[in-house]
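*Asks:* Fit chain B to the known structure of chain A by using the hints.
Number of protein chains: 2
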Amino acid sequence: MRVSKYLLSTQKETPANAEVISHQLMLRAGMIRRNASGLYSWLPSGLRVLRKVEAIVREEMNSAGAVEILMPMVQPADLWAETGRWEKFGPELLRFQDRHNRDFVLGPTHEEVITDIVRKEVSSYKQLPLNLYQIQTKFRDEVRPRFGVMRSREFLMKDAYSFHLDQQTMDETYESMFQAYSNILSRMGLGFRPVMADTGAIGGSLSHEFHVLANSGEDLIAYSTESDYAANIEKAESPQPTETRQAATQTLSKLETPKAKTIEELVEHYGIAIEKTVKTLIVKGSSEEAPLVALIVRGDHELNEVKAENLEQVLAPFEFADEADIRKAIGAGPGSLGPVELSIPVIIDHSVAVMSDFAAGANQDGMHYTGINWERDIAEAPAADLRNIIEGEASPCGQGTIALLRGIEVGHIFQLGTNYSEAMGAKVLDVNGKAQTLLMGCYGVGVSRIVAAAIEQNHDDRGIIWPEAIAPFKVGILPMNMHKSHRVKEHAEKLYQELTEAGVEVLFDDRKERAGVMFADMELVGLPHIVVIGDRNIDAGVFEYKNRRTGEKQEIPFDQIVEFIKNGGQV
Amino acid sequence: MRVSKYLLSTQKETPANAEVISHQLMLRAGMIRRNASGLYSWLPSGLRVLRKVEAIVREEMNSAGAVEILMPMVQPADLWAETGRWEKFGPELLRFQDRHNRDFVLGPTHEEVITDIVRKEVSSYKQLPLNLYQIQTKFRDEVRPRFGVMRSREFLMKDAYSFHLDQQTMDETYESMFQAYSNILSRMGLGFRPVMADTGAIGGSLSHEFHVLANSGEDLIAYSTESDYAANIEKAESPQPTETRQAATQTLSKLETPKAKTIEELVEHYGIAIEKTVKTLIVKGSSEEAPLVALIVRGDHELNEVKAENLEQVLAPFEFADEADIRKAIGAGPGSLGPVELSIPVIIDHSVAVMSDFAAGANQDGMHYTGINWERDIAEAPAADLRNIIEGEASPCGQGTIALLRGIEVGHIFQLGTNYSEAMGAKVLDVNGKAQTLLMGCYGVGVSRIVAAAIEQNHDDRGIIWPEAIAPFKVGILPMNMHKSHRVKEHAEKLYQELTEAGVEVLFDDRKERAGVMFADMELVGLPHIVVIGDRNIDAGVFEYKNRRTGEKQEIPFDQIVEFIKNGGQV
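Residue numbers (numbering that gives the first Met the number 0), protein chains in the order written: chain A, 0 to 570; chain B, 0 to 570.
Honestly, the hints are just simulated from the structure, not real lab data.
One or more of the hints may lead you astray.
Remember, identical chains collapse to one label, so a pair may be satisfied in a single copy or spanning two.
Simulated pairs of lysine-lysine, DSS-like, Cα-Cα distance not exceeding 30 Å [claimed, not checked]:
#1 Lys511 <-> Lys433
#2 Lys483 <-> Lys552
#3 Lys11 <-> Lys258
#4 Lys119 <-> Lys426
#5 Lys125 <-> Lys488
#6 Lys283 <-> Lys87
#7 Lys4 <-> Lys426
#8 Lys11 <-> Lys545
#9 Lys327 <-> Lys258
#10 Lys545 <-> Lys125
#11 Lys327 <-> Lys511
#12 Lys327 <-> Lys488
#13 Lys125 <-> Lys511
#14 Lys433 <-> Lys4
#15 Lys253 <-> Lys493
#16 Lys433 <-> Lys545
#17 Lys125 <-> Lys258
#18 Lys433 <-> Lys11
#19 Lys565 <-> Lys4
#20 Lys11 <-> Lys119
#21 Lys4 <-> Lys125
#22 Lys125 <-> Lys493
#23 Lys511 <-> Lys426
#24 Lys511 <-> Lys565
If we strip away everything but chain A, and leave its shape as in the complex, we get:
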């Protein structure tokens, strides 16, 4: 491709409103442009990467025996009514009416549509197991789209759905998808980690996420230093306390604490050890009898909202109570709450159950209790795992301790059980001629998100550093003063032709630009290999080569350059 016939559209300035590096670099490198909030156009360099990611995903899905189909983006509401998601799904589900006032949605996912197809097309166990996938545009009406294509409203996704009559083939297909996802990310040259995950709103029994590792990742991964245990921190079980509760040594005392709105202030101004404090968090409950529930974790611990949401007493999706509701029910604001004489149900973290002589808000603004002890001052409360595991704690697998990594979720696989098939009556006849409800698995890859995640992991201060497998072009040709030097032009054109004929994707900068501009563009766009052609090198019978990742420069003889590039920058 000649730059003169291309839409390179690079920008020097870091764009405003782009918070993360991948978003900034995708804009600067001319990969995407914003059309509206959360809506992007993929410019040529971006689309070339997107299509490569798509192709690798497709190849690995096909290799794993999945069969490709394509479902419509616009879906009739009646299918969503069947599973109850027409009502239950939040405002991320874009609902609209057509010209005949019939209800439709713009599909954020396709469980309903695929289950409808399978219940009509599959009637016998002989047709199973079946794993159907599509690579297709999805829409989620995010309340606050951000980070470019990392969390956009319209995005490209691979979603697969498998159908089974027995747990064994369900497990086999799940395992094959696990392997396919590992292959996909390995082939792309990305550092990644599969982790155990919460099944969340989509439901089901077993789930893994695939994370591209990057310091900027939104997710925390807890892994064992000794085993291959790894889980999203949302899911990683905190260890049970090894210590037992000590006997009370202090009396219950009320303390005026006008300066303590937070645990940090309580510790700082009133000399209480943070391990002797608790945080009392009021969240919305799941029942009318208990519209508010108090969750209590130790002062130095963090509430894990996913674990909380999974409790029966807590509303899903998880939501903190409003201050007004808290004041009405308890008579104090969030900075002064505690378990003593609390009128709403309490659930405590396991580590809180073994505390003694601890401090907490007195449910009266500006007042705390110290010397609180279970049984003596307050009734024992039910305990659960409510908090995030901490680096250095024992791994739930029993081996080693926990370390943390940051990751970007790019894939997610689930065993759904019969959640959808039951609701939609998807049954087939088993070997005995008896109708059985199908087991389902579902498997998603965020195709457009992978592009952004790859950049978060692979960049430097000059721009993107593409892994070869997904680079928009493998090599850039940079002729120096081509418009003045006939020899440079001749060599550049010849090399362009030879590389192209050898099946190498080349970006040939044939613009009348200064060398510095051309170099900066190539490095910003992130092509793995750069070949510089100048009069000086021609005299020496070599091309100057630069490796984008290592920065290493080499001189490569004319007759070796094509092989050298084909070999990925090796002789």
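*Replies:* The following block gives chain B in isolation, referenced to the frame of chain A:
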């Protein structure tokens, strides 16, 4: 691909509500399934064809120097407001609001979005000409979706947009697209015809359609028997009458015609030659002063609605007047209208201008006039080309006569001039540093429609007959009694492996089905080549081969079969 791992989903019965053969066969062959009115899922066999069509389109667009991008399906309304299409576009434009009550559309086309991108990204003549395309899902909220994917609401389209500062590069790109479209359809093995077309609602100055020829086509193509002239009948100019108007020989007489509601009845019951009758058609006018306009064509001619719509006095989009409005304005119903003493503006076809002694309705129910003559009985009216050209008439090109063919429009190319760039202020600096408004071209291919059109052109009573280039698989392997004969299984598995390794796409029917069922499925799905493996043939050292298109059978020795299939069924 093994049928046991695939979703074949063939059906014997012709489905109800599928009017055209391609729709019937796509359902029966398991290519598509309906999810809602005008919304289809592509099952595996359908998607394989769709992806092949897409790949050929992409290759030819790339070869022609177009650069691929991807724009969002969801588009902000403000861009459509800039061109006025937010208001002007009919209810086919699906408008909706997001969760923040902002207006959006589901894109039926992308002129606004691309023009917005180009006005921001292209600033200099050095970046031109530029031809950007995408292959993307579109949505048109058709009032009456029909014919399966031929006229669905959600569909796959390739749309390209080119930008120029001068007419010369505009013409060159237009010509390159013309050639690319010809290549695309030729490579797919489809009989097609490029024809001159009306520019219609999208506007512009020059336009060609590409039609796949099929008897079931909705469009009529008028072509010259002697030259390469071809035009959509909407566009083909009718010849001016060669005869001159004869002098009046009859007196104007009023005739009671209770049995004549139509021209045919007038001719049948009252003995009037059809060439001596006219049809008076009342359509909506474009101005408030003339809300109704009468269009008059000869009794044996057909009104051409596109030609009519292009008249200044006629409302666009074209619409016939309601009977109630006609009665109110004229005092008679549609069966009894005529030019004598007519109170609304009249436009007549050129052939009507040379008529004499003719008959027409008397604008009084059940009454006609005979012996009508211009000037004597009614004032001369403005004449225009209002009718369809007729087979056998002189070709507008001056060579040969007109013959008619039926076609399915699968491609359309336009020169748009500055329609969109002017409205949206898309200008770049020319070589003199002066801002100039861009010229635009646009070029569409109905990717999903091509699949249906190919079937309309290529089928028989047993099913689809795929051209090799777009067949879902190149060859089907049909083993006879594989589940009983070890030898058959062995040979079938070996052949499947050899063909697959040779890069041939194979559908291997490994089901426990009767030979008749398997044969019927293969022929219905339409694979070009079928290889039958049975015990009898194995003894003879050959496979039985059947060509789907010719029906010809051959015996091919074991060691020649792979080459034979690779060669497209030739030794």
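*Asks:* Between Lys327 and Lys511, at a C-alpha cutoff of 30 Å, which is it: within one copy, between copies, both, or neither?
*Replies:* So Lys327 and Lys511 fail the 30 Å test inside a copy (71 Å) and across (70 Å) alike.
*Asks:* For Lys545 vs Lys125, is the C-alpha pair at or below 30 Å within one copy, between two copies, both, or neither?
*Replies:* Answer is between: at 28 Å across copies they meet the 30 Å cutoff, but 56 Å inside does not.
*Asks:* State whether the alpha carbon distance between Lys327 and Lys258 is at most 30 Å within one copy, between copies, both, or neither.
*Replies:* within (23 Å within a copy, 84 Å between copies)
*Asks:* Up to 30 Å between alpha-carbons, please classify Lys119 paired with Lys426: within, between, both or neither.
*Replies:* within (9 Å within a copy, 54 Å between copies)
*Asks:* Checking an output row: Lys4 and Lys125, CA cutoff 30 Å. Within, between, both or neither?
*Replies:* Classified as between; 10 Å across copies, 53 Å inside a copy.
*Asks:* If the cutoff is 30 Å on CA atoms, where do Lys511 and Lys426 land: within, between, both or neither? Let me know, please.
*Replies:* between (66 Å within a copy, 22 Å between copies)
*Asks:* Using 30 Å as the alpha carbon limit, work out where Lys511 and Lys433 are close: within a copy, between copies, both or neither.
*Replies:* Result: close only across copies, 20 Å inter versus 74 Å intra.
*Asks:* How would you classify Lys11 and Lys119 at a CA-CA limit of 30 Å: within, between, both, or neither?
*Replies:* Classified as between; 15 Å across copies, 55 Å inside a copy.
*Asks:* How would you classify Lys483 and Lys552 at a CA-CA limit of 30 Å: within, between, both, or neither?
*Replies:* Intra 25 Å, inter 65 Å, cutoff 30 Å: intra-copy only.
*Asks:* Cα distance capped at 30 Å. Does Lys125 pair with Lys258 within a copy, between copies, both, or neither?
*Replies:* For Lys125 and Lys258, neither the intra-copy (71 Å) nor the inter-copy (65 Å) Cα distance is at most 30 Å.
*Asks:* Should Lys125 paired with Lys488 be assigned to within, between, both, or neither, using CA atoms and 30 Å as the limit?
*Replies:* between (63 Å within a copy, 19 Å between copies)
*Asks:* Under a CA distance limit of 30 Å, which applies to Lys11 and Lys258: within one copy, between copies, both, or neither?
*Replies:* Classified as neither: same-chain Cα gap 48 Å, cross-chain 80 Å, threshold 30 Å.
Hint compliance for this structure: hints 3, 11, 12, 15, 16, 17 are not met, and every other hint is.
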